[in-house]
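Q: Model the placement of chain B on the given structure of chain A, informed by the hints.
As given, the protein sequences belong to chains A and B, one line each in that order. Heads up, the first sequence is in my numbering, so the first residue is 1 and it goes up one at a time. Heads up, the second sequence is in my numbering, so the first residue is 1 and it goes up one at a time.
Treat the hints loosely; a few may be bogus.
Just so you know, same-sequence chains aren't split out, so a pair can sit in one copy or run between any two.
[Unchecked claim] Distance condition first, Cα-Cα at most 25 angstroms in a straight line; then the derived DMTMM-like pairs of lysine to aspartate or glutamate: (1) Lys-159 <-> Asp-214; (2) Lys-509 <-> Asp-214; (3) Lys-489 <-> Asp-323; (4) Lys-458 <-> Asp-378.
The set of hints was computed from the structure by calculation and includes no laboratory data. Here the structure is a predicted model, which means the values were calculated and not measured.
There are 2 protein chains.
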Amino acid sequence: MFEAAELGRTVSKSEFRDQAPQLRWELLQLQQRLRQAPFPVLVIVAGVDGAGKSEAVNLLNAWMDPRWIVTRSFAEPTEEERQRPEYWRYWRSLPRAGTLGLFLSTWYSAPLLERVYRKIGGADFEQRLQRILQFERLLANDGALILKFWMHLGKAAQKKRLKTLERSRLTRWRVTEQSWKHWRMYRKFVVAAEQAIRRTSTGQAPWHIVEGLDSNYRTLIVATRLRDAIRQRLDESSGKAGAAAAIPEEPNESGARPTRGARELLRRVARRRSILAQLDMKQSLAKKTFGVELETYQGRLNQLQRRAQQCGISTILVFEGWDAAGKGGAIRRLTAALDARSCQVLPIAAPSDEERAHHYLWRFWRHLSDAGRITIFDRSWYGRVLVERVEGLASPQQWLRAYNEINQFEEQLVEHGIVLVKYWMHITKEEQLRRFRLRKGSAYKRWKLTADDWRNRKKWAEYELAVNDMIERTSTRTAPWTLIEGNDKNFARIKVLRTACSRLQAGLKNR
Amino acid sequence: MFEAAELGRTVSKSEFRDQAPQLRWELLQLQQRLRQAPFPVLVIVAGVDGAGKSEAVNLLNAWMDPRWIVTRSFAEPTEEERQRPEYWRYWRSLPRAGTLGLFLSTWYSAPLLERVYRKIGGADFEQRLQRILQFERLLANDGALILKFWMHLGKAAQKKRLKTLERSRLTRWRVTEQSWKHWRMYRKFVVAAEQAIRRTSTGQAPWHIVEGLDSNYRTLIVATRLRDAIRQRLDESSGKAGAAAAIPEEPNESGARPTRGARELLRRVARRRSILAQLDMKQSLAKKTFGVELETYQGRLNQLQRRAQQCGISTILVFEGWDAAGKGGAIRRLTAALDARSCQVLPIAAPSDEERAHHYLWRFWRHLSDAGRITIFDRSWYGRVLVERVEGLASPQQWLRAYNEINQFEEQLVEHGIVLVKYWMHITKEEQLRRFRLRKGSAYKRWKLTADDWRNRKKWAEYELAVNDMIERTSTRTAPWTLIEGNDKNFARIKVLRTACSRLQAGLKNR
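So here's chain A without its partners, still in its complex pose (with noise of 0.2 angstroms):
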């Protein structure tokens, strides 16, 4: 879940000083034009310590008029505090209609501290996020345009902000021993962050998760989401209609540069640093080696599913991935080991009538195994936020909806004790248009490529942020995403086949 939010990214001073004027000027308006409205916002900042939290609050002060916001930070409860329900001093905190609140510290931390410290056991642990849940629902149900901000630093990237912290005596005082021992249980608090983050992230109140390396980037990306938040809020309570479909960029006003830019940029920053731009797309496998480790894995695996199959354990495989990609390929090589009668490949197109009519995930439930069984699915639910979101034949409301109910769904099947992974098949631009090329000079390939492909390959860009926005969401410790790097076809298919074998492995040890 955290992958996206270890890439490194930044922002320039340059493209940064670019930005901001456009966009405080933004926000001040979008909070005056808030006074007036029916509802508070609240925004919810938590995360990693170093990882600029209170940075974004105060600089959310510092741009905005600081007479119509409200921030508060929770420390430990006082002993007025403790005389109440835990609710109690959150609740005499909430801004009123028109205001915006910033909240450091919240509701969140003591489950997540006590949870960590292994105070509450992991029932206990969702009961304190359900009454999250419930706290939150009810407040956006009464109109609350509530956003949740996440700052994210990698273990080694804590580690080092730290050092600079300590290094400076102006911020030495901001580490303290604790800091050092949260550290160092580090992994902890990501597991027990993770969790929270998916239950809580709800169509209401969503989370976004932000690296919080480089203040520039941060900073752009918790302004422009508040940005786009608030105006979208406003612009739907006063009927402008498509606002919440797709949001009007305002036109190049006070002569600072137009606010297509922040987005614009962002977008640019993400794609330069994406989690498939990190990939090592030069990996390959010589042919020699590849005849070797194909049979050894081959072998393996075979053991290893007649011993599932024994023991009732079934695995479902995921294949998503670039056209021309090698899905095929690699599934023919996994099912070349198997037992035809103890598994089924399902190629998933377009839903039939009768799936139409019920809900996107009906048809997958559907397919579901008798116990012991291998199912590989060459694509699959994940189309909801990948084709469906860049094609528009799923609304933002559904398939931002779609990351929970697929991690829900998943949830479900690995409690069973069903072995799942999930493969994203990736190859370069470049490796694309030299395998369509390929197929279009081959008389026994042709076949395989049609003008959808060439459609789908002007989407690129788009499918690249869906691709990454669905690594984010749905890369879970239960479920993760194993990206197999395609440029190779040798190697891709090894790694295929030895990720099945190594997971497989692990269901059978667990069991």
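A: Here is chain B on its own, set in the frame of chain A:
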């Protein structure tokens, strides 16, 4: 919560025959309109054995066109079902858009049974309920119209019903050893059911609690609610304005009676067998006994409150009731027994501007006292579902949502160790008139009587239904309502004091 479903509500054969043909005809018409709709209807029938669950499902099948109905009852999972995640069988049975699903023994059965048999603990039970919430939310977000009926019988009524079934050779098979075993465990079932209903009654998928004693009554309730819900949704999605707020009645077609009939009849039945109508309003207390008991209970309350203060246990007393029902007098008898420094009375009037700019519960959260004190609310958060409902100050969506919000609020109070006592001060309509006239005639009481009082009195019947709903939905095991028979002031005041004492004593014992 189930009090309102143990009142002996019946509909006579002739009343039923008057309404049934029109209802059937309307349901058939709506079913035809539904076939073109882009959403399915899901009716979940659960409840106490013998309360008419399968009868309700059979009847809807008989009244409507079974070609567009999917009826499913989920028994013990089969081997095939056990091999897949729990929800697989529910997913594959979901009705397609345009059709109606009637579901018996659904996803509620297993968690309830496992909880009652203590196979799972409280926290696990909560998690199962959360999964239900997720599932139903996912379906509702996708457009599904979900209605849930809980068919209820009191313990004595269930026994009678089981005996009746046993007497006939045709129905004897339905009563098994397990039926009686469950009857003996009645209380455990009711406790778990209450929790499940409270947790899963959402705006998107509300529960309807139906008294199952009389088949005519329960048939009309289920059919009417189903008709209204389908019609409302169809009207909404075909864009008929105002359909959500007031469900329009169909004109008298097909020669049958106008629809208003069935709903009006049910309102009449509800009023003639309401929770309030059950109260024995003749109860009174002689002046002499009153004097003795007043001294006893005031003394006891004083002692209990001293102890509570030492232990840091807070008490909240909520007073709701008819105008002139004697709230003020009862409150004065309480405060007379208490140290003014440890006690505050909060009269709740219309909200201030500041309060209006927040969630309606905000002002009540604000008033929570520090540990060890008594807070008396003279009117309360229940205004949302009483005056705001009746006067149209809150939309149906808002006040329907409020029951759950209030339950969650009170749950947090009780969890924190606060003793919460809720009084409904009841008087008959005649007694109110007598008191109004007395006030009018008395120089020093005249100020108490306002034009509002006379206006409210005209809406007695509407308030009566609102009070009934309020008690049905918010009288929970954690926070029950105490109904005070108030025609005799002495009796009422002593009952208020006695209840406060016993609840405070119980609260001290739990500590």
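Q: Which numbered hints turn out to be false for this structure?
A: 2
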